[in-house]
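Peer 1: Chains as they are written, first to last, in the numbering used here: chain C, 1 to 234; chain E, 1 to 327.
To be clear, the hints were calculated from the coordinates, so they are not data collected in a lab. Please note that the accuracy of each hint is not assured.
[Stated by the list, open to error] According to the in silico footprint, chain E covers these stretches of chain C (three or more CB under 8 Å from chain E): (1) 9-18; (2) 135-146.
[Said to hold, decoys possible] Under 7 Å between C-beta atoms, here's a sample of chain E residues computed to sit facing chain C: (3) Phe28; (4) His30; (5) Val164; (6) Ala195.
Each residue gets a CB set at the ideal place from its N, CA and C atoms; glycine is no exception.
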Amino acid sequence: MRQRATIAAILGGIAVVFVLAVLVIGPGRHHPSPPSLQDHPNAAIQGELLYVDSNGCIVTTKASGASRDRIHCPSGPNPVQQVVWMEDGSIEYLRYDNAGPTWIRVDPQTKAETNVGASGGPSTGGWLVAPLNANDEYVEIRDGGEIWVGRTGALAKIRTFDVSDSSRPSMVAWSPDSQWMALQYVSPRSDEAEIWLLSRDGQTAGTLATNLQPTPALSWRIEGVGISSSPFGK
Amino acid sequence: MARLDDDLRRWQEAGLLDADTAERIRSFEHAAASTAPPQPKTESTRPGAVEALLYLGVAVLVVGAIALTGQQWGDLRSWSRVAVLAVPAVLSVLAGLALKRSGEPSLERAGSVVWMVSVALVAGTVAVANSEYDFGDSAGLDGEQTTTLLLALFTLFVAAAFWVVSPRHPQVLALGGSTVFFAVAAGAWPDDFSAPLTGICMALLAAAGLVAAELGAFGPKDSASLVSAGLLATGSYVGGFDAPTWTQLIVLVVGGALVYLSVTRDSLAYMVIGVGAIFVGLITFIFRHFASDIGAPLALMLSGAIVIGGVLLMAQLRPLVRGNRTS
Chain C
1 MRQRATIAAI LGGIAVVFVL AVLVIGPGRH HPSPPSLQDH PNAAIQGELL YVDSNGCIVT
61 TKASGASRDR IHCPSGPNPV QQVVWMEDGS IEYLRYDNAG PTWIRVDPQT KAETNVGASG
121 GPSTGGWLVA PLNANDEYVE IRDGGEIWVG RTGALAKIRT FDVSDSSRPS MVAWSPDSQW
181 MALQYVSPRS DEAEIWLLSR DGQTAGTLAT NLQPTPALSW RIEGVGISSS PFGK
Chain E
1 MARLDDDLRR WQEAGLLDAD TAERIRSFEH AAASTAPPQP KTESTRPGAV EALLYLGVAV
61 LVVGAIALTG QQWGDLRSWS RVAVLAVPAV LSVLAGLALK RSGEPSLERA GSVVWMVSVA
121 LVAGTVAVAN SEYDFGDSAG LDGEQTTTLL LALFTLFVAA AFWVVSPRHP QVLALGGSTV
181 FFAVAAGAWP DDFSAPLTGI CMALLAAAGL VAAELGAFGP KDSASLVSAG LLATGSYVGG
241 FDAPTWTQLI VLVVGGALVY LSVTRDSLAY MVIGVGAIFV GLITFIFRHF ASDIGAPLAL
301 MLSGAIVIGG VLLMAQLRPL VRGNRTS
């Protein structure tokens with residue numbers, strides 16, 4: 001019995017050492033998220049964003065990361081598919097129920113909801129196509145986390161994120177001034193998403209928000225410049 | 001003994017033995033037979049057809065219970081999902097203990113099999129409990145993969161504990177199964193599944209098991225050496241996936257080492273596993289690196305030549321193994 005216990009202890013010891021080595025060395029683990037904008041706000045990033053967190057609540061945040069506020073948590077079983085700023089400063093969100101796609105307007109001050117049916121939402125955009133900025137540039141994300149930007153036939157690599165093969169960021173929206181792009185990243189170790197902001201030249205990046213729902217739903221407005229939103233089916 | 005007398009008579013008639021020598025051999029063998037320990041009863045030490053059918057019936061019953069539970073799984077609450085596995089796990093541990101204390105060889109064997117099932121039930125219980133209550137999140141662990149790795153380590157400990165108490169073939173099999181679970185959990189820990197990590201983990205533990213088995217400290221020898229050698233060959237093969245080219249040759253080295261071991265240790269099992277590892281490793285290597293250049297037909301022909309080479313190698317080495325056994 002004692003000899004068997006010794007052998008079992010040796011085998012168990014090898015396994016424990018292996019586990020410790022894996023946890024300490026961390027082979028194959030990627031930590032691609034850029035620094036948090038919440039901890040280190042960047043005043044150069046203009047505007048306000050809307051997104052939906054993992055609890056299904058609509059959150060507004062300064063694009064610089066300086067402040068954020070959970071403004072509304074819609075009730076009902078169906079998740080929010082899209083959220084957009086409207087020209088008058090109100091907010092509309094989209095979800096699918098038995099009647100099909102339904103837009104609901106929310107007054108940011110009173111939180112009162114108004115059902116505006118399927119005809120709501122922004123007057124432009126919204127289709128599931130690659131977002132273009134004001135210069136007709138688009139973003140292509142390639143294997144190895146490479147971010148390429150430009151027009152068709154004239155793409156240039158601006159940055160590489162250290163991501164795994166199975167999870168790379170996806171393009172969500174350009175900022176209304178075309179100087180920044182919002183990328184969504186879902187870690188393979190989590191079902192929740194992050195929003196990264198990356199400058200057009202690729203030099204500056206920051207994590208604006210974590211713990212988002214995986215469906216990209218984001219809207220960005222800059223006073224006096226315009227509104228841009230993530231693509232969605234209409 | 002009658003067979004010995006016949007042989008001695010023939011050899012005397014052929015002039016190979018004189019009468020004195022034949023008588024000395026006969027006396028020696030009679031003396032050896034009278035001092036040899038009594039042979040165990042075959043009926044009680046080997047499982048019979050009835051026992052095998054009983055195991056089959058229990059297996060079918062368990063599969064039916066699993067299917068029934070699967071149909072109702074969505075309607076069960078968290079605590080009842082855990083209980084569905086935890087209660088049989090506890091009962092099987094107790095039942096195995098009772099069977100092993102019965103003193104009846106067939107019931108003791110059944111107890112070992114029940115304990116082997118216990119390891120699977122314990123693994124299932126902790127996995128379902130973690131899925132329902134997310135221990136890793138409450139413990140601040142970095143992701144589900146870390147929790148799974150620690151649970152696999154726990155399962156390995158449970159299997160090892162059963163083996164310490166009862167070193168039987170089913171416990172060795174349970175140790176092998178939990179080693180595979182642990183190695184796969186290790187490979188699943190990185191962001192993308194890492195076959196090399198799985199292979200290294202499996203081969204490392206299997207190599208330790210093989211050394212222990214050869215030193216006589218890990219047994220029963222038959223199952224311990226078979227499981228260890230099989231996992232060593234599998235680990236070294238799996239470790240070559242998605243890895244540098246040279247690592248794909250490790251399985252050939254391991255295969256060669258097992259063939260060498262088969263000759264020095266008189267083990268046909270080592271030879272079969274070793275030759276099999278070389279065979280699979282070479283064919284995989286050829287198809288991975290040369291099939292696109294030389295084409296599939298030529299790669300197949302090369303593989304066929306390797307098969308023939310493997311068979312001839314076994315044919316050449318088997319007499320060596322037999323020679324060692326009889327010498």
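Peer 1: Tell me, in ascending order, the numbers of any earlier hints that this structure violates.
Peer 2: 2, 3, 4 and 6
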